[in-house]
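In the order they appear, the protein sequences are chains L and F. Going from the first sequence to the working numbering is simple: count from 1 and add 194. Residue numbers are given in the working numbering: position 13 of the second sequence equals residue 3, and the series is strictly consecutive.
Treat the hints as calculated values from the structure; they're not laboratory data. No residue lacks a Cβ here, since even glycine has one placed at the ideal position from N, Cα and C.
From chain F, some residues computed to sit far from chain L (all C-beta separations above 10 Å):
id : residue
1  : 78
2  : 82
3  : 265
4  : 283
5  : 350
6  : 391
7  : 480
FRET-style restraints, in silico, Cβ to Cβ:
id : chain 1 : residue 1 : chain 2 : residue 2 : range
8  : L       : 265       : F       : 76        : 28 to 36 Å
9  : L       : 411       : F       : 331       : 32 to 40 Å
10 : L       : 265       : F       : 573       : 39 to 47 Å
11 : F       : 56        : L       : 230       : 52 to 60 Å
Take a look, some chain L residues computed to stay more than 12 Å from chain F by CB distance:
id : residue
12 : 238
13 : 266
14 : 276
15 : 284
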Amino acid sequence: MEQRDTAAVPAANYNGDNRAPLLVVDNLQAGYGRKQVVFDVDISLEPGEVLGILGHNGSGKSTTIRTIMGLGKPFGGRVRFDGRDVTGHSSRDNVRAGMAMIPSERFVFQDMSVTDNLLLGGANDPDQDRRAKRQELVMQLFPILSERAGQLAGTMSGGQQRMVSLGMALMASPKLLMLDEPSLGLAPAVVQQIFATVRHLADLDGLSVLLLEQNVGQALRIVDRCLVMRSGRVILDETREQMLARESYWDLF
Amino acid sequence: MSLWVNYLDQILLYASLALSLNLLLGYAGQVSVAHAAFGAIGGYAMAYTTLSHGWNFLLGTLLGMVLAFVIGTLVALPALKLTVEYLILLTLAVSSVIIGLLVAIPQFGGTYGLINLPSANLFGWHLRSPYDWLLPALLSMVIVYAICHRVGESPVGRVLKGIREDPVATEALGKNVFAYKVTVFGMTSALAAFSGAMLAAWLRLATPGVFGFAFSLTVFAIVIFGGMANLNGTILGAAIVVLLEPVLRRVVRIEAAKASLVQLIVYGVALAILMRVRPQGALPEGFSLWRRIRGERAPKARVEMAADWVPETVQHVGEHVDDQLPVSEVVRRDHVWHDAPVVLETRGVSKRFGGIVAAHELDIELRRGTITALVGPNGAGKTTVFNLLTGAIPPDSGTIKLNGDELVGLDPDRVARKGMVRSFQDVRLFNRLSCLQNVMMAVQGQPGENFATLAFRHGKVKGAEEETRDKAMGWLRFVGMGEFANVPAGALSYGQTKLISLARVLATEADVLLLDEPASGIDTKWVDTMLELIEQVRDRGRTVCVVEHNLHVVGRLADHTYFMELGQITAEGTIAELTNDRRLAEVYFGTT
Chain L
195 MEQRDTAAVP AANYNGDNRA PLLVVDNLQA GYGRKQVVFD VDISLEPGEV LGILGHNGSG
255 KSTTIRTIMG LGKPFGGRVR FDGRDVTGHS SRDNVRAGMA MIPSERFVFQ DMSVTDNLLL
315 GGANDPDQDR RAKRQELVMQ LFPILSERAG QLAGTMSGGQ QRMVSLGMAL MASPKLLMLD
375 EPSLGLAPAV VQQIFATVRH LADLDGLSVL LLEQNVGQAL RIVDRCLVMR SGRVILDETR
435 EQMLARESYW DLF
Chain F
-9 MSLWVNYLDQ ILLYASLALS LNLLLGYAGQ VSVAHAAFGA IGGYAMAYTT LSHGWNFLLG
51 TLLGMVLAFV IGTLVALPAL KLTVEYLILL TLAVSSVIIG LLVAIPQFGG TYGLINLPSA
111 NLFGWHLRSP YDWLLPALLS MVIVYAICHR VGESPVGRVL KGIREDPVAT EALGKNVFAY
171 KVTVFGMTSA LAAFSGAMLA AWLRLATPGV FGFAFSLTVF AIVIFGGMAN LNGTILGAAI
231 VVLLEPVLRR VVRIEAAKAS LVQLIVYGVA LAILMRVRPQ GALPEGFSLW RRIRGERAPK
291 ARVEMAADWV PETVQHVGEH VDDQLPVSEV VRRDHVWHDA PVVLETRGVS KRFGGIVAAH
351 ELDIELRRGT ITALVGPNGA GKTTVFNLLT GAIPPDSGTI KLNGDELVGL DPDRVARKGM
411 VRSFQDVRLF NRLSCLQNVM MAVQGQPGEN FATLAFRHGK VKGAEEETRD KAMGWLRFVG
471 MGEFANVPAG ALSYGQTKLI SLARVLATEA DVLLLDEPAS GIDTKWVDTM LELIEQVRDR
531 GRTVCVVEHN LHVVGRLADH TYFMELGQIT AEGTIAELTN DRRLAEVYFG TT
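For reference, chain L alone in the conformation it holds in the complex:
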């Protein structure tokens, strides 16, 4: 297998217009407790761009987006979002500013109905029409959620709870959506549908997406660009085309 000096690979030219990037992560250092697990991470994300972050378990992907989201304080570096420096801001402020994140664990309000969960997801959006439209979109994406609208979310199956939590994030009409392994525990057809919807929202609404995924093949269908992380560092930054041109991804992990 060809050995590449990954550091020398130039950042891909995203063929978007010249709008300012929505998210700029500059030299991010992060971790949990006192232990640093993310080193020198740079990310630049345009509006409407879908950026895949690949890497094996424990490579620092989740810690990176948790830190961007404000769920952990960065040890160093800056995060700019939508033209403002949001380094160290709380997740509450970041959600108001237009971020949404879906953790890889199951996350729903167990003792609330499906509808209430979704409404809570959209509670920060003052635009009622948009909320109604989003709810329609979510119901279309996951028809089971409209059939079970009144059921307590905690009594649904594991996969259905994942659907509820995805629905909650979409209800917020975010500018930036961070998905941590959205395919986890979901039927293949549902995964395809979710990915298609994400791409659709990016193209039509200019939604920017950070997509963390183990399923490289699936992810490559919808991303514009990919980062590969290993041991807390970005070791590769390539466009979708460059990634697809590779014969094998295994040497990257």
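Dock chain F against chain L, hints included.
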């Protein structure tokens, strides 16, 4: 000087009561605020029999212990099915009832209680001064310590910790969770009565105030200050709590009337600060001063590597685990589904939850040495099938036969002991236990998990524990996680927890393994490791059923696949047959 000896007595007696609470609270995770009330049962039994009937105080103590054991067990029967919030409320109610009854019975002196007890007579030795009490108080604490230590740091203690971490997972590994809870509740109630009786004999009175709610909270504070599930910590905690008042009074020189008030404030503030900065208490679980002195590091090493780690090369069966699986039953791969004998068979299994049909007339066969996959849309009822098979949910109708034995009506622990175990979609490891202990818990037939054997057959328990450790270590190495034996499961990454969960299922040596999404959330490289492991297990003649959405996984593993929709099996066959079905492709598989 005699005053400080008095405080020392008090520390020892408070500690002995708190030790038994720590076994219940710290090890088994059962929050009971009735502990002081069970102490009162011992105290009053001893006081009443010595005062009115002239019994020796030891005899009265014994009576109190028996009473407390009986009452404790009776309370535990209904209480322990409750969740924590309700258990606290119920034990609070029980505590009020016990104290209320003691006050209400005129023979017990009403609100004044029983006072002016004769000095305790220990085989002719009258314990009058604090000095006299030093040795008996120490002795009673040592007895309680020895019992709690024997139970807590043993296979039984491991099961108790398992119950604390995750009762569902503990039961799924074949432990009778309810029996353990009731036994430990009854036992610690009896120990509380013992300590309560000693306390009353030392004070020479038994009053409602002595064993009141404030005392209950003090004992709680001792356990929390000292450290949950650390018995040495409890002794330290008792010293801190008891000495706070005299230190304030004599060293800081706050006047007596104010000292008790300041003491309360200091308690409150200290407890709040402690919860914030050191929630695990002064001496955390697993901390041993003795090991520290001998220069051994606490087993926390290697957590660093937990975050970023690729599994060791998979060991092939035969290298290390030869003695664990019967070689004779190796099934060759060209032997397929059709020829393999049926191990598990369900007929007409149905279950409804209100209006929702969770399972309808399920006929499923699992065959020896083969892998069966259960696929279908989210919410089709695949996990429900596992719940039905393992007895976690009783079916409304139908039969489930494992090697010809009916399983319907058996609890999950019985099903596990019959040879069918499951893993969980949400993994459910015991987070505060090490990886090794997680796997050791799964080893079946451990003599040390029986209270009676534990009490009387030290040698047998010790030998078996070595064996259990070796077996568990073997399975950890089998999944490539041997390096992580001493790492707490909570420190692992998601993929690693999946491997430990597989090792845990394998260590039960059950015939039938039900694996719920064994490969989801693990990265591509690890998936192959996981699949290889499952194939090796199959090749050894075990029967495997997987629920999985990853078609790569199903395609590689499954000899036979059931397709489920809305609680029914709507198709079965090889995965190739199913994926070629146009309707199924639309509802589930998607376009590939």
